[in-house]
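Make the full structure from the sequences, and use the hints.
Residue numbers (the working numbering), protein chains in the order written: chain A, 977 to 1059; chain B, 977 to 1059.
Accuracy of the hints is not assured; some may be wrong.
Copies of the same chain are indistinguishable here, so a pair counts whether it falls within one copy or spans any two.
[Stated by the list, open to error] Think about it this way: if two alpha-carbon atoms lie no more than 30 Å apart in a straight line, the pair counts; the simulated DSSO-like pairs of lysine-lysine are:
| hint | residue 1 | residue 2 |
| --- | --- | --- |
| 1 | K1048 | K999 |
| 2 | K1048 | K1028 |
| 3 | K1028 | K999 |
The set of hints was computed from the structure by calculation and includes no laboratory data.
Protein chains: 2
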Amino acid sequence: MARKLESNPALVPFGRHVAALRKQMNPPLSQEDLSGLCELDRTYISGIENGKRNVSLTNIFRLARALGVEPKDLLDYPSAGEP
Amino acid sequence: MARKLESNPALVPFGRHVAALRKQMNPPLSQEDLSGLCELDRTYISGIENGKRNVSLTNIFRLARALGVEPKDLLDYPSAGEP
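Given below as structure tokens:
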């Protein structure tokens, strides 16, 4: 049985920011759409948005390209990096 | 024997940026200093700076705190995210 992932408080705001960027697209993207664009599994996208996945730098680059933003914009949100 | 790490072209510019930020500190930090500040092994820091480590988001946060910058500043360099 797959290990149940716990959300990491330091990652939750990042996840919310990714979800907000996804929904602000025109037209808004579903997690499935984003998953296809950045070739990451939809459940992995869901895990990122719920603060349960400690995403790697290359996957940050993939997300940024798919969302049409600069990588630094993905980390541009209040409380970024606070423990 | 430890697997020899290859550098990832997408990670090399990030590594150079981290090394530049480290050396711009006042006083400049050694890799050993930075390693102590963010509680990451010195060889891991060296691997990051040589584009051989696909650093995770929580470690990006650690590096940013240790270098006294915002996480988004760590991704603010030319060609960030280009394949």
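- Task: Run the structure past the numbered hints and jot down the numbers of the failing ones, going up.
- Result: none
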